[in-house]
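**Q** Sequence:
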Amino acid sequence: MSGNVPVVLVGAGPTGLTAATLLARYGIECLVLERWDGIYPQPRAVHLDGEIRRILQCLDVGEEFDAISRPALGLRLLDRHMRVLAQFDRDPSGGRNGHPEANLFDQPDLEAVLRANLRRYPRVMVRGNAEVVGIAVETDGVRVDFVDRPSGTADSVRARYLLGCDGANSLVRSALGTTMRDLRFDQRWLVVDIATTAELGRWDGVHQICDPVRAATYMRIGRTRYRWEFRLRPGESASDYKDFADVRPLLAPWIEDIAAAEFEVVRVAEYTFRARLADRWRQGRVFLLGDAAHLTPPFIGQGMGAGLRDAANLAWKLAGVLRGELPPDVLDTYETERKPHARTMIRLAKLTGVTMTAGGETGDRLRGWIAPQLPRVPGLAGAILSGESPPLHRSALVRAPWMRRGLVGRLIPNARLADGRRVDDVIAGRFAVVTVTTPTARERANAEQRGVAVLTAGRGTELHRWLRRARAAAALIRPDGTVQRCGRELPALCATAPRFAPWDAAGEGARV
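Each residue of the sequence shown is one higher than the last, beginning at -2 in the numbering used here.
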């Protein structure tokens, strides 16, 4: 027996690494078991939005991520002849989240950054070549059996909690007997990743070809890396596209004047884009996160981001329970909040995919007529480009009588404050109150005694406008940046916040 540890995570992809890092920042010891040795080298996810960029900042890898990514300038909808139907421009300097709202990157580069950062925390161990073969849920913990793949040696570890971050074919999910509900979306696509030093001279946003015959997506994801995705026709497969000569006809609209010798085919792979949702995300002390809990079609670039949202939602709650600051029943709010949110995003991705690819010739003619009008629809472009996801579902930690209105369940804007810091820098993994009135010295001292940060939204500031638009005078903010409740009196809001210690840079909180 390898021993006991508070949290075992199965899977060292972006979701598992994010959850482990956040737990480590709260001083929680973790063991991450990963079937493979090292980083999976092939590119998969290539996009994350401004909300997920905020999570990376909380992991303290924001600058490293910026060095390996590039902001996308927006979205272009094109017809089959490459004519622009509509264009939605983004400000690459960022919006309400304080960072660019569309970021393109190579997933192995991101995983390398996350792993290097995790090594700063001595209370977390990542064990590669460890294949989990069994899970036993016990009264006060979980036993995880695994095998060291090179030697074949069997081992086990006992944890107080287990997080299954082990992907679409999750062993943890299977061990729990949880099934994936099919949300009825299946499309076969060819993914082509190309490396070249040549400049293609294309607009640096996402290009979506709206074509019922050969829908396609193009984006530049790095200085020398490009991604194309093509919907496969019946009878086609990745085996029909083995080298550059095979894929050249598909890429011709973008690179027809460039010699094939200048290109390296990094990967050609077939994917079936699916929409699925696990029926249960938790059984006792075992939780599912990321692709183990949900599969999202890629049309709005939210697949990987959904897993990081899971980690950000659960980590602080689990840390609070393990540190004795929060009651165990707060863990019930994880599925209550995240499952409806994931379902909403999956439905939006499905709708986007169908809108861009379905309907045959009739659908194509409708898109040609409707798409050019979309940027002129009042509020539509702002909604598409705002970077704000739907509010979380009402729970014990999302308190409001009308969840479809106001601020509750939404992320606070990551506004720049008078001292140059941003909101997330002040919250720093703890509870906070933002108020339009200047707190008294006594009110501030009482809040700080409870570990609650106080932010004053001065008149004319972004935070003041944000509160007043919702007719609120103050709001209680959770450690993950979500508005828990609104009110008028700062002392009353502070009194509803538990005593919750913030994280620290080195994860040196009390040993659990």
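Some hints could be false.
[Claimed, not checked] With beta-carbon atoms standing in for the labels, derived distance ranges:
#: 1; residue 1: Asp326; residue 2: Asp237; range: 22 to 30 Å
#: 2; residue 1: Ser153; residue 2: Glu322; range: 23 to 31 Å
#: 3; residue 1: Ala467; residue 2: Asp326; range: 42 to 50 Å
#: 4; residue 1: Glu322; residue 2: Pro369; range: 51 to 59 Å
#: 5; residue 1: Leu348; residue 2: Met122; range: 40 to 48 Å
#: 6; residue 1: Ser234; residue 2: Val81; range: 49 to 57 Å
#: 7; residue 1: Ala467; residue 2: Asp416; range: 23 to 31 Å
#: 8; residue 1: Asp201; residue 2: Glu60; range: 45 to 53 Å
#: 9; residue 1: Thr359; residue 2: Glu322; range: 39 to 47 Å
#: 10; residue 1: Ser153; residue 2: Trp33; range: 43 to 51 Å
#: 11; residue 1: Pro325; residue 2: Ala492; range: 50 to 58 Å
#: 12; residue 1: Glu358; residue 2: Leu197; range: 43 to 51 Å
#: 13; residue 1: Glu233; residue 2: Gln39; range: 19 to 27 Å
Hints listed in this document are in silico derivations from the structure and should not be mistaken for laboratory results. Don't be surprised by glycine CBs; every beta carbon is placed ideally from N, CA and C.
**Q** The structure should be examined with respect to each hint, and the outcome stated for every one.
**A** Evaluation of the provided hints:
| no. | hint | verdict |
| --- | --- | --- |
| 1 | Asp326 x Asp237: 22 to 30 Å | violated, 54 Å |
| 2 | Ser153 x Glu322: 23 to 31 Å | holds, 30 Å |
| 3 | Ala467 x Asp326: 42 to 50 Å | violated, 29 Å |
| 4 | Glu322 x Pro369: 51 to 59 Å | holds, 54 Å |
| 5 | Leu348 x Met122: 40 to 48 Å | holds, 42 Å |
| 6 | Ser234 x Val81: 49 to 57 Å | violated, 31 Å |
| 7 | Ala467 x Asp416: 23 to 31 Å | holds, 25 Å |
| 8 | Asp201 x Glu60: 45 to 53 Å | violated, 21 Å |
| 9 | Thr359 x Glu322: 39 to 47 Å | violated, 58 Å |
| 10 | Ser153 x Trp33: 43 to 51 Å | violated, 20 Å |
| 11 | Pro325 x Ala492: 50 to 58 Å | violated, 22 Å |
| 12 | Glu358 x Leu197: 43 to 51 Å | violated, 30 Å |
| 13 | Glu233 x Gln39: 19 to 27 Å | holds, 21 Å |
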